[in-house]
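Peer 1: Here the protein sequences come in this chain order: A and B.
If you count the first sequence from 1, position 26 lands on 26 in our numbering, and the numbers rise without skipping.
If you count the second sequence from 1, position 74 lands on 74 in our numbering, and the numbers rise without skipping.
By construction, these hints were calculated from the structure, which means they are not laboratory data.
C-beta: ideal position from N, C-alpha, C; glycine also.
Have a look at the derived ranges for each label pair, beta carbon to beta carbon:
| # | chain 1 | residue 1 | chain 2 | residue 2 | range |
| --- | --- | --- | --- | --- | --- |
| 1 | B | Val95 | A | Val40 | 16 to 26 Å |
| 2 | A | Lys96 | B | Gly136 | 43 to 53 Å |
| 3 | B | Ala4 | A | Ser79 | 43 to 53 Å |
| 4 | B | Val95 | A | Arg24 | 19 to 29 Å |
| 5 | B | Pro120 | A | Tyr84 | 51 to 61 Å |
| 6 | B | Ala91 | A | Ser91 | 24 to 34 Å |
| 7 | A | Lys96 | B | Ala56 | 37 to 47 Å |
| 8 | A | Asn93 | B | Pro120 | 51 to 61 Å |
Each chain, written out:
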Amino acid sequence: MITEALVLSAILFVIGTFGVLVRRNAIIMFLCIELQLNAVNLSFVAFSRMFGIEGQIFVFFVMTVAAAEAAVGLAIIISIFRHYETVNVDSFNLLKW
Amino acid sequence: MLSATFLFYLFAGLAIGGAIGVVMAKSPVGSLLFMVTALAAMAGTFVLLEAHFLAAIQIIVYAGAIMVLFLFVIMLLNLGHDYEKDLKGGAFAVVSFGVIGGIAGLRAQQLGATGMQDGPGGAAIDALIAEHGAVGAIATELYTTYVVPFEITGILLLVAIVGALVLAKREV
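Here chain A stands alone, though its shape is the one from the complex:
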């Protein structure tokens, strides 16, 4: 079960990375980042079957930080939308070299 969970976690992480790099809609990129966080959580839970309860406690902290990050990130998306009237990240090129 541990091995299968680690493989599932790796596959989900790669799908999340693919989504971040391929999609241009800021909200969907953000969803894919959440997917990556969840994949890492899954591997923490799997490793807690090997090394003890600390893995699950770390997942608890990751979930809290993810909730805070989602709130702040969505607020940033709202304020960007006010300026540009879009959430397509290709239109935010002010800091592009």
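Starting from the known structure of chain A, arrange chain B on it as the hints suggest.
Peer 2: Then chain B, alone, in the frame of chain A:
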């Protein structure tokens, strides 16, 4: 009676299907609903790995609260019918990420196979759950050894609330 292995593969299939749906769905709301599917399936795998409390907060906090927050933002910005095709990269990106995924999966498989299968950690967690219950197993450790990080988490959430309000306010 379904076997644990069968249930694990069922949840794994649902999670991978949901994840692919998140990336491929055209409408943001569709993406979000696929994400809820993936999160619920991952909560199922948490249960199979004996992390009952984490499975519960995965459903309540992630699939409940955070996804509703995303849905509110999509509604607020009126992006619900934003069907423009925004996928960058074609078959090359899919193939290269398939190769990367294969390598990562093989590596993870080696890592799991060389580890202690259900080693001391699994037995220790089972003993903790038997003694304190599913919530108590985490809580005893969280409120003794990790009480300082736990309190700092409260400050982090307060800062996040204030930050989100300041950022999303109309006139800053």
